[in-house]
Amino acid sequence: MIAGNIVDRSGTPVFGADVTLTSNAPSAPIKSQTDQNGHFSFANVSPGVFKLSITAMDFAPQTVSATLAPGEYHTMPQIKLTLVPVVTQIVVKPQAVIAQEQLHVEEKQRVLAVFPNFYVTYLPNPAPLDARQKFQLAWKSTFDPVTFFVVAAGAGLQQVDGQYSGFGYGFEGYAKRYGATYADIGIGTFLGDAVFPSVFKQDPRFFYKSGGSVRSRIWYALAMAVISKGDNGRWQPDYSNLLGDGVSGALSNLYYPPADRTGVALTFENVGISIGARAADNLVQEFLIPKLTFKSPFSHRHQHQPNHP
Numbered sequence: 001m002i003a004g005n006i007v008d009r010s011g012t013p014v015f016g017a018d019v020t021l022t023s024n025a026p027s028a029p030i031k032s033q034t035d036q037n038g039h040f041s042f043a044n045v046s047p048g049v050f051k052l053s054i055t056a057m058d059f060a061p062q063t064v065s066a067t068l069a070p071g072e073y074h075t076m077p078q079i080k081l082t083l084v085p086v087v088t089q090i091v092v093k094p095q096a097v098i099a100q101e102q103l104h105v106e107e108k109q110r111v112l113a114v115f116p117n118f119y120v121t122y123l124p125n126p127a128p129l130d131a132r133q134k135f136q137l138a139w140k141s142t143f144d145p146v147t148f149f150v151v152a153a154g155a156g157l158q159q160v161d162g163q164y165s166g167f168g169y170g171f172e173g174y175a176k177r178y179g180a181t182y183a184d185i186g187i188g189t190f191l192g193d194a195v196f197p198s199v200f201k202q203d204p205r206f207f208y209k210s211g212g213s214v215r216s217r218i219w220y221a222l223a224m225a226v227i228s229k230g231d232n233g234r235w236q237p238d239y240s241n242l243l244g245d246g247v248s249g250a251l252s253n254l255y256y257p258p259a260d261r262t263g264v265a266l267t268f269e270n271v272g273i274s275i276g277a278r279a280a281d282n283l284v285q286e287f288l289i290p291k292l293t294f295k296s297p298f299s300h301r302h303q304h305q306p307n308h309p
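Residue numbers are given in this note's numbering: position 159 of the sequence shown equals residue 159, and the series is strictly consecutive.
Please keep in mind that the hints were generated in silico from the structure rather than gathered at the bench.
From a predicted model like this one, the values you see are computed outputs, not experimental measurements.
Be a bit skeptical, because a hint or two may be false.
What the hints assert, rightly or not - 35 Å max Cα-Cα, derived DSBU-like pairs, lysine-lysine:
#	residue 1	residue 2
1	31	80
2	108	140
3	291	229
4	140	209
5	108	31
6	201	140
7	93	80
8	176	140
9	176	93
10	31	51
11	31	201
12	201	80
What the hints assert, rightly or not - Ranges of calculated distance between the beta carbons of each label pair, as one might list FRET restraints:
#	residue 1	residue 2	range
13	219	131	58 to 66 Å
14	288	200	37 to 45 Å
15	90	41	17 to 25 Å
16	98	53	19 to 27 Å
17	150	232	29 to 37 Å
18	149	201	31 to 39 Å
19	27	98	57 to 65 Å
20	227	161	22 to 30 Å
21	236	144	23 to 31 Å
22	83	131	14 to 22 Å
23	163	209	33 to 41 Å
A virtual CB, placed ideally from N, CA and C, is assigned to each residue, including glycine.
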C-alpha cells in the first residue's frame with residue numbers, strides 16, 4: 001500500500017486534490033482523491049518505482065517519486081502544495097484613448113434606435129474630450145442621416161405655415177428654407193459644441209445624474225442649461241453655449257431674408273429661448289430618454305444583452 005497526506009504551505013489539509021499513481025508495471029494509472037484531512041491511499045500496488053502526480057484547484061501541480069518494496073506499507077512524507085501565483089495585469093491607457101473608446105459608445109446612442117442622442121454620457125466619471133473629439137462629435141451629429149430628415153421635415157412645415165415668406169415658395173423657396181434651417185443647426189452645433197468648448201475647455205455633453213431625489217435631479221437638469229463641466233472636472237458658467245447661441249443667431253442675418261433678420265434685441269431674446277429649450281431638453285434627458293435610448297445602460301433593450309468588457 002501507499003498512503004500520504006497533502007497540505008498547503010500553512011499545514012492546512014488540502015481537500016479534493018487529485019492524486020494519480022503511475023509505475024513501471026504495465027497496469028493503467030490509478031487515481032485517488034484526498035479526503036477532508038488531506039489523506040489519500042492506494043491498495044494492491046505492484047512493487048517497484050512509482051510516481052505520484054498531484055493537482056488541485058488554485059495550487060501548482062506537483063510530482064513526487066519513490067520505491068515500493070514487496071509487501072511494504074509505504075507512507076509518503078507530508079506533501080506540501082504551493083499556491084499558483086496570482087498575476088495582476090494593469091493596462092494604462094492615455095486619457096485621450098479612454099475618451100475615444102467612451103465616445104464610440106456615445107455615438108451609437110439613439111432614441112428609439114433612430115434619433116441621435118450623442119451628447120449624453122451615462123458614465124459617472126467620463127474622460128474629458130480633447131478638441132479633436134469635440135469636433136468629431138459635432139461632425140457626427142451634423143451629418144447624421146436623421147439630421148437631414150429632421151431638417152427636411154422642418155423646412156416643409158415652415159413652407160406650409162408660410163414662415164420666412166422672403167424665401168418665396170415652390171421648390172426654390174423650400175430649398176432656401178432647407179438650407180437656412182440646416183445652416184442654423186450646423187453652425188449652432190459646431191460653435192456651441194466644438195469651437196467654443198475647445199476654446200474654453202468645456203465639455204459639451206449632458207452628464208446624466210440618475211441618483212438622488214427627484215427634486216435634486218430637477219434642479220440639476222435646470223442648472224445644466226447655464227453651467228457646464230470643464231475639462232478639468234469643475235463646474236463653470238456655460239460660456240460655450242451662450243456664445244454659440246449668440247454668434248449663430250447673429251450669423252443667421254447673412255442668409256435669412258431681410259424682413260426676417262433678427263436685430264440685437266431679438267438675438268438676445270433668442271439666446272434666452274435657447275436656454276429655456278436646453279433646460280426642457282435636460283429634464284427629458286434626465287427622466288425619460290435613458291429608457292428609450294438604444295445602447296444606454298438604462299434601456300430595457302440594453303439590459304437584456306450580454307455584458308461585454
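Going down the list of hints, with the structure as the test:
Note on residue 31 and residue 80: the hinted pairing holds, with a Cα-Cα distance of about 19 Å set against a maximum of 35 Å. Restraint check for residue 108 and residue 140: the C-alpha separation of about 10 Å stays at or below 35 Å, so the hint holds. Restraint check for residue 291 and residue 229: the C-alpha separation of about 24 Å stays at or below 35 Å, so the hint holds. Simply put, residue 140 and residue 209 have alpha-carbon atoms about 24 Å apart, close enough for the 35 Å limit, and the pair holds.
Taken as a hint, the residue 108 and residue 31 pair is broken in the structure, with Cα atoms around 55 Å apart against an allowance of 35 Å. Between residue 201 and residue 140 the CA atoms are separated by roughly 20 Å; this keeps the pair inside 35 Å, and the hint holds. In summary, the hint linking residue 93 to residue 80 is not supported, as the alpha carbons are separated by about 41 Å, beyond the 35 Å threshold. Note on residue 176 and residue 140: the hinted pairing holds, with a Cα-Cα distance of about 23 Å set against a maximum of 35 Å.
The straight-line distance between the Cα atoms of residue 176 and residue 93 is roughly 47 Å, outside the 35 Å bound, and the hint therefore fails. Between residue 31 and residue 51 the alpha-carbon distance is near 12 Å, which keeps this suggested pair within the 35 Å criterion. Distance hint between residue 31 and residue 201 is unfulfilled; the C-alpha atoms sit about 68 Å from each other, more than 35 Å. For the suggested pair residue 201 and residue 80, the alpha carbons sit about 60 Å apart, so the restraint of at most 35 Å is broken.
For the pair residue 219 and residue 131, the beta carbons lie near 31 Å from each other, so the given range of 58 to 66 Å is not met. Checked against the given bound of 37 to 45 Å, the beta carbons of residue 288 and residue 200, roughly 30 Å apart, lie outside it. At about 45 Å, the CB distance of residue 90 to residue 41 disagrees with the hint of 17 to 25 Å. At roughly 46 Å, the beta carbons of residue 98 and residue 53 sit outside the given window of 19 to 27 Å.
For the hinted restraint 29 to 37 Å between residue 150 and residue 232, the CB-CB distance of approximately 34 Å keeps it satisfied. A hinted range of 31 to 39 Å holds for the C-beta pair residue 149 and residue 201, which are about 33 Å apart. As the Cβ distance of residue 27 to residue 98 is approximately 59 Å, the hint placing it in 57 to 65 Å holds. The supplied range of 22 to 30 Å is broken by residue 227 and residue 161, whose beta-carbon atoms lie about 35 Å from each other.
At roughly 29 Å, the beta-carbon separation of residue 236 and residue 144 lies within the given 23 to 31 Å, and the hint holds. Roughly 49 Å separates the CB atoms of residue 83 and residue 131, a value that falls outside the hinted 14 to 22 Å. Our hint of 33 to 41 Å for residue 163 and residue 209 holds, since their Cβ atoms are close to 37 Å apart.
When each numbered hint is compared with the structure, violations occur for hints 5, 7, 9, 11, 12, 13, 14, 15, 16, 20 and 22.
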